[in-house]
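Asker: Could you build the full structure based on these sequences and the hints that come with them?
From first to last, the protein sequence lines stand for chains H and E. Under the numbering used here, the residue at position 117 of the first sequence is numbered 117, and the numbers go up by one with no gaps. Under the numbering used here, the residue at position 24 of the second sequence is numbered 158, and the numbers go up by one with no gaps.
Everything labelled a hint here was simulated from the structure, so no lab data went into it. Ideal Cβ positions, reconstructed from N, Cα and C, are used throughout, including at glycine.
Distance windows between CB atoms, simulated: (1) Ala72/H / Glu158/E: 52 to 58 angstroms; (2) Gly23/H / Glu159/E: 19 to 25 angstroms; (3) Ser305/E / Ala77/H: 52 to 58 angstroms; (4) Ala274/E / Arg2/H: 15 to 21 angstroms; (5) Leu75/H / Ser220/E: 49 to 55 angstroms; (6) Arg2/H / Asp216/E: 43 to 49 angstroms; (7) Arg2/H / Val308/E: 26 to 32 angstroms; (8) Ala77/H / Ser220/E: 54 to 60 angstroms; (9) Thr310/E / Leu38/H: 41 to 47 angstroms; (10) Arg62/H / Thr310/E: 47 to 53 angstroms.
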Amino acid sequence: MRPLEDELRQALRRREPPPGFTGRVLARVRREADARALENGGGRAQVARRPLWTGWSWFGARVRFGFAAVAAALLLAVALSVWQRHRAEQERRQGEAARAQVMEALRITRAQLNHVRAKVEAATDDGQRERLED
Amino acid sequence: MSVCEIEGPGGTNRGNGVRDGTREERQTTLERAAAGDTVAFEAIVREHQSMVFSLGCYFLHDAGRAEEIAQEAFLRLYQNLDRIESPEHLVQWLRQVTWRCAIDESRRATNKPSVALEDVPEPAADDPPDDVLLKHHLHALVASLPPRARMMVILRFQEDLNLAEIAEIMSVPVNTVKSGLARALGVLRNKLTRVVGDIRV
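Answerer: Structure follows, in structure tokens:
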């Protein structure tokens, strides 16, 4: 048997990857390059390695930033409007509830007053009748 | 993935890892690839794929995952081609990236290998049966080493690198490599002696 080091050299010889490996690597590189090119606003695969702050990539980034800012402002305006409408509706409902409560209180008060007046009138009638009889 | 073929007729590919063409040709290929020439990049992949794949294969003991990290290493190479200064730098860079990818992959996946190295048929018709058995034992024993020691052994015996080169790739002191390798070889020797009998130093 050979020395361990020789056995290791023999056992750890380089191996070729499975068939089609190169094609798979290139396909993956191409996919990544295309994805990056799209992210950077289009262009060829080489654009993927170009720094963001140079040339058309930088222009594309500025345009995208502008669009994003406008979209954010629009979204904010819509959200504010919806919130204001919601708040107005809430205030209207609270007002209506308060008005209903006041009306109910008035109705109860009126009923109580009618009741008291009826009793007073009855008492007044009884006193007059007794004086007449005397 | 089901195949992890043994080296082709081109023989081993150690040292600087470069096999075909003159240095000037390889430098030109590198420059063309950095300029976006996919044919040149393909040539680079073909030249170094066995080194990258084998490092992953022996480290992970799994041909499927080895292909994944090899693809990842070449993808990173493509993204960093403009930083590569020379063919020698390219080989060193690829070894470093493969080591990092392999260690990340081994931390990520603790499950059983999808295609274990022992399960992969090797077209080693010239090897006698006992050598094949010994090789399988050695693969399993190397795979059982701790990750750092494992990569040291692979870089030392697959790539035939010296201690300083291994230390640079793994970003550790040379003495760490020296002691790590000595310890790993001791462990391998003991285990292998128990399994297959006497191994001479």
